[in-house]
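Novice: Residues per chain are reported as follows:
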Amino acid sequence: MRKKIKRNRTEFFKNYKWFSKFSPVEKLKIAKRQLEFLKILKDAK
Amino acid sequence: MQNKELEKEFLFFKKLYEYKVKYLLIGRQACIIYGLPLYTFDYDIAVDNSEDNLEKIFMIAEELDLYPTKDKQEILNKKVFVFSLQNDIKIDVFCAKRYQTKDKKFIDFLEVFNRRLIKRDRKYGLVFYIPTIDDLINFKKINPDTKDLEDIKALKKIKDAYYKRRKD
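Respectively, the protein sequence lines represent chains U and F. Quick note on this note's numbering: the first sequence kicks off at 311 and runs consecutively. Quick note on this note's numbering: the second sequence kicks off at 333 and runs consecutively.
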């Protein structure tokens with residue numbers, strides 16, 4: 311259980327570190343694009 | 333970067349800065365600017381509810397073909413505390429002077445605005461005003477749903493990590 315929490319935490323900071331590299335507008339554009347992609351995936355089911 | 337290359341929502345924020353509007357980007361979009369990899373379409377802003385500030389927002393909305401969902405006069409008379417500007421994009425505008433969180437704390441807009449963070453995007457020539465992490469957490473506590481609680485947790489994580497790094 312402790313290992314799982316640690317892995318989730320590491321994953322969180324890995325994503326955070328990657329995402330933080332982008333500029334504010336790029337971050338907002340990526341978020342919008344990801345959501346559009348998720349919607350396409352959802353509709354495809 | 334020319335205006336025509338900017339999407340409408342970014343043009344909206346560019347104009348807010350140019351017209352010196354007192355606003356704060358709140359909600360998930362602010363979390364995204366803090367670096368949280370989240371997904372959202374909604375734009376939420378909190379604004380100073382002075383007549384002058386609200387008139388500027390209406391002027392920008394008109395320039396961008398966005399229409400308020402509530403009567404302008406009612407908004408100016410402070411009878412309305414939230415409305416949307418919408419057409420092909422939608423921006424939710426919170427215009428109360430003070431907000432109360434679920435844990436009975438008060439958020440005074442002007443106090444929070446005065447200690448805001450200014451995030452500049454040089455590539456796109458844009459400036460965003462966002463609350464400090466603690467203030468953003470408080471905004472999320474006003475009427476928290478499951479997503480807000482997750483966001484609060486994530487914001488606290490990056491806050492703790494940031495301070496830990498600073499101490500090291």
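Because the hints were derived from the structure by calculation, they are not lab data. There's no promise every hint is true.
DMTMM-like cross-link-like pairs, simulated, lysine to aspartate or glutamate; straight-line CA separation at most 25 Å [said to hold, decoys possible]:
1. F:Lys491 to U:Glu321
2. U:Lys339 to F:Asp424
3. U:Lys327 to F:Glu482
4. U:Lys327 to F:Asp466
5. F:Lys422 to F:Asp376
6. U:Lys349 to F:Glu443
7. F:Lys437 to U:Glu346
8. U:Lys324 to F:Asp466
9. U:Lys327 to U:Asp353
10. U:Lys342 to F:Glu482
11. U:Lys342 to F:Asp424
12. F:Lys479 to U:Glu346
13. F:Lys489 to F:Asp420
14. F:Lys455 to U:Glu346
15. U:Lys331 to F:Glu395
16. U:Lys349 to F:Asp477
17. F:Lys346 to F:Glu394
18. F:Lys437 to F:Asp420
19. F:Lys451 to F:Glu406
20. F:Lys485 to U:Asp353
Novice: With a cut-off of 25 Å on the C-alpha distance, tell me whether Lys349 (chain U) and Asp477 (chain F) pass.
Specialist: holds (21 Å)
Novice: Please work out if Lys342 (chain U) and Asp424 (chain F) have their alpha carbons no farther apart than 25 Å.
Specialist: Roughly 17 Å between the alpha carbons, so the hint for Lys342 (chain U) and Asp424 (chain F) holds.
Novice: Quick one, are Lys331 (chain U) and Glu395 (chain F) close enough, alpha carbons at most 25 Å?
Specialist: violated (33 Å)
Novice: Given the hinted pair Lys437 (chain F) and Asp420 (chain F), is their Cα-Cα distance within 25 Å?
Specialist: Violated, at roughly 36 Å.
Novice: For a C-alpha distance cap of 25 Å, please report whether Lys485 (chain F) and Asp353 (chain U) respect it.
Specialist: The hint is violated at about 30 Å.
Novice: Hey, Lys422 (chain F) versus Asp376 (chain F), does the alpha-carbon distance stay inside 25 Å?
Specialist: holds (9 Å)
Novice: Need the status of pair Lys491 (chain F), Glu321 (chain U): alpha-carbon distance at most 25 Å?
Specialist: Cα-Cα ~17 Å, so holds.
Novice: Is Lys327 (chain U) close enough to Glu482 (chain F), meaning Cα to Cα at most 25 Å?
Specialist: Holds: Lys327 (chain U) and Glu482 (chain F) sit about 18 Å apart, inside 25 Å.
Novice: For Lys346 (chain F) and Glu394 (chain F), compute the direct alpha-carbon distance and say whether it is at most 25 Å.
Specialist: holds (15 Å)
Novice: Under the criterion that the straight-line Cα-Cα distance not exceed 25 Å, is the pair Lys327 (chain U), Asp353 (chain U) satisfied?
Specialist: Violated, at about 31 Å.
Novice: For the pair we were handed, Lys455 (chain F) and Glu346 (chain U), check the Cα-Cα distance against 25 Å.
Specialist: With Cα atoms ~24 Å apart, Lys455 (chain F) and Glu346 (chain U) stay inside 25 Å; holds.
Novice: For Lys479 (chain F) and Glu346 (chain U), compute the direct alpha-carbon distance and say whether it is at most 25 Å.
Specialist: Satisfied, since the Cα-Cα distance of roughly 18 Å is no more than 25 Å.
In this structure, the hints that do not hold are numbers 6, 7, 9, 13, 15, 18, 19 and 20, in rising order.
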